[in-house]
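Produce the complete structure using the sequences and hints provided.
Each chain is listed here by its residues.
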Amino acid sequence: MSETHARLAAALARIPYAGFLGVSAELKGDELTLSLPYGEHLVGNPLLPALHGGVVGALMELTALTQLAITSKSEHFSKTIDIGIDFLRSGRPVETYARARVIKIGRRIANVQAEAWQHRRSEPIAVLHGHFLVADDVANESS
Amino acid sequence: MAAGPPLYGAGDDVFERVRTMMQWTPQGRALGLELVRIDNGKVLGRIPYRAQLAGDPESGIFAGGVITTLLDQVCGMAAVVAMREPAVVATIDLRIDYMRPAAAGRDVFAEAHCYKIGKNVAFVRAIAFEDAPENAIAHAASAFMVNSNSGRRIGANLRGNKP
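Sequences listed follow chains D and X, in order.
Everything in the first sequence is counted per numbering that gives the first Met the number 0, starting at 0 for the first residue and increasing by one.
Everything in the second sequence is counted per numbering that gives the first Met the number 0, starting at 0 for the first residue and increasing by one.
In case anyone wonders, no lab produced these hints; they're calculated from the structure.
Mixed in with the good hints, there may be bad ones.
These stretches of chain D come out as covered by chain X in the derived footprint (C-beta under 8 angstroms, 3 or more residues) [as the list claims (entries may be wrong)]:
#1 38–47
#2 75–85
If you want the ones that stay clear, here's a sample from chain D, every Cβ over 10 angstroms from chain X, calculated [what the hints assert, rightly or not]:
#3 A8
#4 L20
#5 H51
#6 D135
One side of the interface only, derived from the structure: several residues of chain X facing chain D at Cβ under 8 angstroms [to be verified]:
#7 T19
#8 W23
#9 A53
#10 V65
#11 D71
#12 R94
The structure displayed is predicted, hence computed values, not measured ones.
For every residue, glycine included, the Cβ atom is placed at its ideal position computed from N, Cα and C.
Take a look at the structure:
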């Protein structure tokens with residue numbers, strides 16, 4: 000495990016809500032994948048059953064925030080300004096994955112996109128785009 | 000005015016009916032989501048504060064995902080309340096603007112209102128806050144597919160989507 004990976008795993012492990020969901024992280028180079036194993040507590044509609052939309056959104060937001068910290072080499076998570084989530088398919092009761100792409104890091108605002116999928120990467124169950132306030136340690140460096 | 004069937008949100012027992020729907024959701028139960036009140040089509044929900052749901056162990060502030068799930072849930076309930084008969088709703092999209100972080104240690108409320116419902120789509124807005132909607136944590140705007148099973152068996156849209 001690289002030093003970056005260890006730091007990242009530690010940072011995520013410190014987030015109580017990530018533990019509540021059951022999220023784990025894998026970093027290849029500078030690309031992060033978050034995995035969310037299926038758990039009964041994640042279900043929104045038990046009849047289908049389908050994952051709660053809020054959980055899928057939360058997974059993508061966590062991915063976006065963590066990927067932004069990696070890309071901007073920040074020790075801190077940014078603050079979320081806004082997010083837009085498009086739901087494309089029902090989240091089935093299986094493991095879900097998410098990756099994010101930092102589109103732009105400006106002096107104050109970063110634009111990040113994320114997607115979540117299950118069996119096939121080419122069939123995302125949801126996508127997210129968001130704006131985040133760039134963490135102070137990054138903003139000071141680039142100003 | 001045409002005499003259609005009464006709204007699902009009409010009647011004395013709507014609070015109990017919607018509360019039952021919310022309790023039916025395992026994620027809602029895991030988070031401890033509660034229905035507080037339904038007033039004039041406005042659905043007020045609450046999530047009791049728990050450090051386990053913090054997004055940052057130092058500040059203890061609720062993770063954004065908790066607020067997202069609360070808003071998604073109350074928006075969906077507001078769409079149901081606006082219907083003539085209860086039907087499965089599915090979120091098409093959800094946009095959330097964060098005005099500020101939630102206050103650590105405080106319960107968060109969210110009030111949702113369906114301002115337009117058609118045959119296929121319901122449009123819902125919601126506000127998350129601790130004390131008053133004027134001092135909002137977040138504003139949400141969402142669209143829901145109404146009758147998302149289109150009269151077919153529930154889950155029919157999942158067929159052909161097997162791994």
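Legend entry - Unsatisfied constraints (hint numbers, rising): Violated: hints 4, 5, 7.
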